[in-house]
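Line by line, the protein sequences give chains E and S.
Note that UniProt numbering has the first sequence beginning at 1, numbered continuously upward.
Note that UniProt numbering has the second sequence beginning at 1, numbered continuously upward.
Mixed in with the good hints, there may be bad ones.
[What the hints assert, rightly or not] Covered, in the sense of this in silico footprint (three residues per stretch, anywhere, with C-beta under 8 Å from a C-beta of chain E), are these stretches of chain S: (1) 2 to 14; (2) 36 to 45; (3) 181 to 190; (4) 258 to 265; (5) 268 to 282.
If you are wondering where the hints come from, they were derived from the structure by calculation, not from laboratory data.
Glycine included, C-beta positions come from ideal geometry on N, C-alpha and C.
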Amino acid sequence: MTATEERAATAEIGRDRRRKEDQRLITGRTRWTDNITLPGMLHLAMVRSPFAHATIRSIDTSAARTSANVVTVLTGADIADDQGVIINAWPITKDQVSPTHLPMPSDRATFAGEIVAVVVARSAAEARDAAELVDVDYEELPAAVDLKESAADTVLAHPDLGTNKSALWTFDSGEAGTGGDVEETIDKARSDGIVIEREYRQQRLIPAFMEPRSTVVDPTGEQITMWSATQIPHVLRFALAATTGVPESKIRVVAPDVGGGFGGKLQTTPEEFITFAVARRLGKPVKYTETRSESLVACHHGRDQWQKLTLAAEKDGTVTGLKVELLADLGSYNALLGGGTPVLGAFMFNAIYKFQAYHFSVQTVLTNKTWTDAYRGAGRPEATFAIERIMDELAAELGVDPLEIRERNWIKHDEFPYTTVCGLEYDSGNYEAATERAKEMIGYDELRAEQKQRRESGDRVQLGIGVSTFTEMCGLAPSRVLGSLDYGAGGWEHASVRMLATGKVELVTGVSPHGQGHETAFSQIVADRLGVPFEDVEVLHGDTQVAHKGMDTYGSRSLVIGGEAVVKAADRVIEKARPIAAHLLEASVDDLDFAGGRFSVRGTDQGLTIQEVALATFAAHNYPEGIEPYIDAEATYDPINFNFPHGTHLCAMEVDTETGAVRMRKYVCCDDIGNIINPLIVAGQVHGGVTQGIAQALFEEAVYDDAGTLVSGSLVDYLVPTAADLISFDIDHTTSPSLTNTLGTKGVGEAGTIASTPAVVNAIVDAVRHLGVNDIQMPCTPERVWKAVQGVGAGGDDPTAGAAMPHFDEQEGGAQ
Amino acid sequence: MIPAQFDYVAPTSVDEALAALAERGDDAKVIAGGQSLLPVLRMRLNAPEVVIDIGRIDALRGIRDDGDAIVIGATTTHAEVGASSLVYDNAALVTKAVEHLADAQIRHRGTFGGALAHADPAGDLGAPALALGAQFVIAGTGGTRTVGADEFFVDLFETAIGDGELLTEVRIPKHTGWGAHYEKFVRVAHQWPIVAVAATVKADGGTISEARVGLTNMGSTPLRATAVEQALVGQPATEDAVRQAAAAAAEGTNPPSDLNGDRDYRRHLATVLTRRAVLAAAGG
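The shape of chain E in the complex, shown without the other chains (with noise of 0.2 Å):
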């Protein structure tokens, strides 16, 4: 009938909602957990140490004991029974040194940020006055700093260790039987064909999410309730009950609204098991919000890797095999995933190109800074970056267009489904015409002649073009794979679909949200899949009590794997539905069809809605004989490949080679991430991504001077770009579906960080290229541009030097 028409023609799915959850987000009117407050909650302030790595002596809390409203202070002495361990969930190698991870340790300190005491106290203010008051005695260490000095172990970062390497990991395409023996290739290659020996520094990034972490508990109820703003409040749960003794069935855990994480949320913190220590410890509400200083020094970093990367190809360019080396700084812990974000990037290297042979390893390195964790695309922006660079190189050493080189080498699009190298299946894709449009796009042809034209008359403006045809895996993960690669858990997903009496839906998803509009987009797969309104369907995620089963969101999942749970739960709904609706209908379940939410019997004009049949079933007055009156259905998804988006990603940069400022001219990308469910949530998050690629091939870097202090410890020297520093981008996309969902759907969270960070990089060394330049280290800042123009080294090893500007280290003088 007509409704039926109606619904199809303004199908949810494809649309461009505007998000449902925007207002009450962007107005700050919502949950975000500093803003619960509960009856007689105390304020905690954290002592943090300013050594990278000293012995605690002793840690006299007597004078702020004392201090006005203060409950208590305790050390790592004191709550040394009951605080749990921090847990890594991802050992890589069966013999990975790993020291044990005490949210307080009462002994050493061994980053500086780390946690030796915290303060208790009746407002946040008075929390803070007498952590001031907490005298520590250290002794300093020797602190373990640069990374290959580390890998060296010149400094021991856990001297009872007798070692900083923590673990080596491999992968050897000879060996697993998917490709042939990497160094054959080489050795051939030396010998009639091209090699090029690059090594690649990824600098450390810090996450740098809008809300500040915080953390308040609630030991006052038979459940422990704690609200904090992670990823990951299913992991959480577990990881608190698993170490602290407190039963999984007496914790539960909340994420209410949280304000952004890039990975930097998906961790089990320090701050979290302090709170909860505290909240039991005392029986009352304690909540901890960190300061953005705080935020900056002890959230989990990002990145911080050497890459040493041997290629070998043909004459003509085609390559063959692919050697890559890495080296990971894992900071003063092995982190919740710690060893595995790199591992996570093994498989990209070889990228969407037609290697014979490819190994890789990675040895894993602890130092006395910050531990690193996932951060935004985890281990593949770096293979991105170095496979995308190093093909750029490939170009260059054949004197051919980097894009030609490409072409020349990877899989076409009447190739998928294809086996890589690594093993990986790839299910779809087409690198040629998301390049065709990407070329289209920037206009391609155009850019490359005004390029030759300055080069010619010497401008002092140079102009370069830079490439990234990326692809990624995602949707983490199969959970036999996990199993295979040692991780602690799976990679499943589960949701609800609840059918309300006055015809609304719930759909309960355990995955958990933080920005990305999952409210939004998983109501409109809701609405399509039921053919119920928008507008009617609400989402809950994000509380163990609610969701009481989840892998949480991280790695680009939530649409690939907890959208196909939801579409797996509203499809039972239907067919739960389908009996009641037949007996209601008096007719044969064989007879009736199910479109635009409506249940018709075949020929007639009898029908009744979904929603209809949801208050039929509430009632319960008439359903049919040895059923039960219940259409709700849940579904849990173990995904059976990762996926595999791809695109291609153009950027035209300006070089002014008197002052090495860089500045963007033109910004495309053209990605495949199969069928969209919300062009204008997409578009958000390629916006996103490329900025946040972009920061780290310009702008971002956490830098520690000798003694293993944050000197980039503000963001007046953690310089994060914001509109004012960037250009619009023009982004578009071509569509291969996904083989292996429902909906064809493919990751994009992740995707933009991933492709960007080369495609700048590529565009500024292309620039100056006929000036003698093949690389410069990232962030490419004016001085290290300028300097490589002036053929000082900027590529390899130049490690940002200097200290932070003191503008605001005024003891004297008059501020006015």
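Dock chain S against the given chain E, drawing on the hints supplied.
Structure of chain S alone, referenced to chain E:
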């Protein structure tokens, strides 16, 4: 971030403010727009016992014409200075520097006198004030005195404002008809300049007759590139001539090294930016 506790005083006249300063002396900090002091308090880099808020003293706010000078009250906001045609017509260099100072929110809170009294060598107002020969009017319990820009900036975060004194207004000699440009070099827009150059020139028929050049963040105070100024006199406003003169821009400077660049890079930048600033000021 929570500051340590402090008392708060909000006088409504300069005399009251000076009395409060005299009474609390070393324990007091003066606050105007608070754009530098509040971060210091919140990060607990300083914990004064009393904060004296001069934001309610009407006499300290506003811009007026005073014959051969324009006078800017100490608590006039950057936004007000930036929007003033009186300032633009007679000291365009100030307008140009204020245009890109920090961001719009800070420009609506931060004050002209406050930023100068803070004396951050990377602040955007010191170099223009120095280049234009600004006079700083400082009030104390014994009366007011006037200090020239060349004596006002003493060192990093240190000015000629003494204990118990207050900067009340800044007098800027009129440079009516002079071209002006503030060339600021940053990595991100909201950053303090890595180096910036404030140039204002008087040009007649393509020839520079007078020039003033101030340097931001090239030492512990704003600096004047006097060698450049002298070399420019009588020169045509052409790329080559200005390049030659600007080559001396880093003479006598002592720039810092920090995460954004070392001192040699800053010296190099100073010469490039000086050339660009002067050419832009001369309309070239």
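A quick look at each hint next to the structure:
Requiring three or more residues with a Cβ within less than 8 Å of a Cβ of chain E, the coverage given for the region 2 to 14 of chain S holds, as 3 such residues are present. Proximity of the region 36 to 45 of chain S to chain E, defined as three or more residues with a beta carbon under 8 Å from a beta carbon of that chain, is established by the 7 residues found. Beta-carbon proximity to chain E at under 8 Å applies to 5 residues in the region 181 to 190 of chain S; the threshold of 3 is reached and the given coverage holds. Evaluation of the coverage hint for the region 258 to 265 of chain S: fulfilled, as 6 residues show C-beta separations to chain E shorter than 8 Å, against a requirement of three.
For a cut-off of 8 Å, the count of residues in the region 268 to 282 of chain S with a CB near a CB of chain E stands at 4, and the three-residue condition holds.
Going through the hint list in order, the structure satisfies each hint without exception.
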